[in-house]
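Asker: One-letter residues, chain by chain:
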Amino acid sequence: MASAGSISAIDEQAAMWAVETAHGEMTAETKANFDAWLAADTRHRGAYIRASAWLLAAENAVVQARPDSAAQPLNPRASDNDNHAITLGAMRRYATRWSGRAMAGGSAVAMSLALLIALGVPLPGLVDRPDTIASAKTVALKDGSVATLGRDAQIQVSMSDGIRKITLLSGEASFQVAKDKARPFVVRSGDVYAQATGTVYSVSRVGLTGGTVKVREGSVLVWPRDERDQAVLLHAGGTVTLDPGPLRPASATPKSTPRRLPPPELAQISLDNVPVRLAVARFNRVNSTQIILADPAIGDVEIIGLYRANDPENFANAVAAISGAQVEQSGSNIVIKMK
Amino acid sequence: MRDKNGIIVWIAREIIPHEGAIRRWLTRHWSRVVDVDDVIQEAYCRIANLASVDHIDNPGGYFHRTVSAVATDQMRRAGIINFTTMTQIEWSNVIDDEPLADRALETRQELDRVNKLLGSLSDTCRKVIELRRVEGLSRKETAERLGVSENDVKNHLVRGLQKIMGEMAEQDARSDYDVLMADAKKDRAIGKRRLH
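So the sequences go chain by chain: A and B. If you read the first sequence in our numbering, its first letter stands for residue 1, the second for the next number, and so on. If you read the second sequence in our numbering, its first letter stands for residue 1, the second for the next number, and so on.
Keep in mind the hints are simulated off the structure, nothing from the lab. Careful, some of the hints might be misleading.
Capping the alpha-carbon separation at 27 Å, the derived lysine-lysine pairs in BS3-like fashion look like this [said to hold, decoys possible]:
1. A:179 to A:142
2. A:165 to A:179
3. A:31 to B:140
4. A:339 to A:31
5. B:127 to B:140
6. A:142 to B:127
7. A:31 to B:116
8. B:154 to A:339
Build out the structure end to end from the sequences listed, making use of the hints.
Answerer: Given below as structure tokens:
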């Protein structure tokens, strides 16, 4: 249970932006930061709208609490804490009146909201709910774990003394993994692997070779192909999509050629709340241009986005933008350091 | 321009008073399968994207249905089992089935609750809001009047808003504690039976 009175980091940021957009005179730079924040996570838009609405509700109540809400010289009252009960009707009247007034703060909200709408959040049908999950089923595995298969999901299970191997052939499945430290539980989706010992997570197929891993509890190691040493550690709430792309012409049989990395231009790296230092390690592994973090604190910042694996510069710029750092060329390498 | 501003005004007036009740309902029934904060946030997002709210004559019920739809989508994506049965039971319990009189009473109770939350704003925070909203001062002028920096003005508002949102979540967590304990007991009882 969350500690008393604490709110999530997203809500904290959303509150900051709600105040900034409603009460601040935004500079171009602040506006750009706001846009970047909105784009960084799909949840940010909703959190921002909610915080903006709470801010407005708070303001309405404060203004309404005044004995006479018409403009008058400020008369701070020291003990008015029990004097602000308002009725629904009064709140309604006030809000209506205010909405007709053109205020600087109001138009800032309007502007940012127009931006939200331009960003185009899809609006799924609110009424029709086809019963697609009817075909979902639960499978109890021999080790005590439970697999829940989504529609069209197919899995292959292979349990041995040293390892529990699940292959996701199609669709999406989530796993409640029974704790067994001696036998890692590895789910394979195409060429993407997700390993846990005891946790809850789901895996879905992406294309021929990829997979999306979502962690609900505990943490999960995710890596493509033989890059286990470069695995990303995902914690509860984290999601990662990896699609390493085809290894070779599809006609080749899996065992006829040795495993190797895909050509860098085919690979995309998708990061969702992954610490920069892990992301940098992945880029450095596939590129001759190395990214160097001059300040370790930058490595702890979490990053989100889809990047071409062969374009470390683009990725470095994104890192600089979210961590407030700057990018410098140093020979053939890229240095990210604090301003 | 006015319309898009209007949606936030509308949400502040019609949806915010219901958030506590919806959040408690969501926490009680679904917190183990969905992230409550995520669902609420996405519901706000969907409502803000509506082209018009003129057709909504029961905002509380509409908010409830939106939250249900978001939760359903999240569960479907996560491949949760048996949710058809679960949702059928839940859906029969929507707010807009209740008589109008009860609904009005509930709205008033929620508003009282929201007002209590707002009472926890610091005096400075209230002054900042009054100066800006009533006297129409800019952030700079507000700062000068109160003898603090512009950044302080902003921080007072941000902290006030964060406090309200935090207390909101805390109240809901507390009221759900007993329910969670009862559920935990039930789980243990089921576990025992399974041993046979």
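Asker: Output the numbers, in ascending order, of every earlier hint that fails for this structure.
Answerer: Hint check: 6 and 7 fail, others pass.
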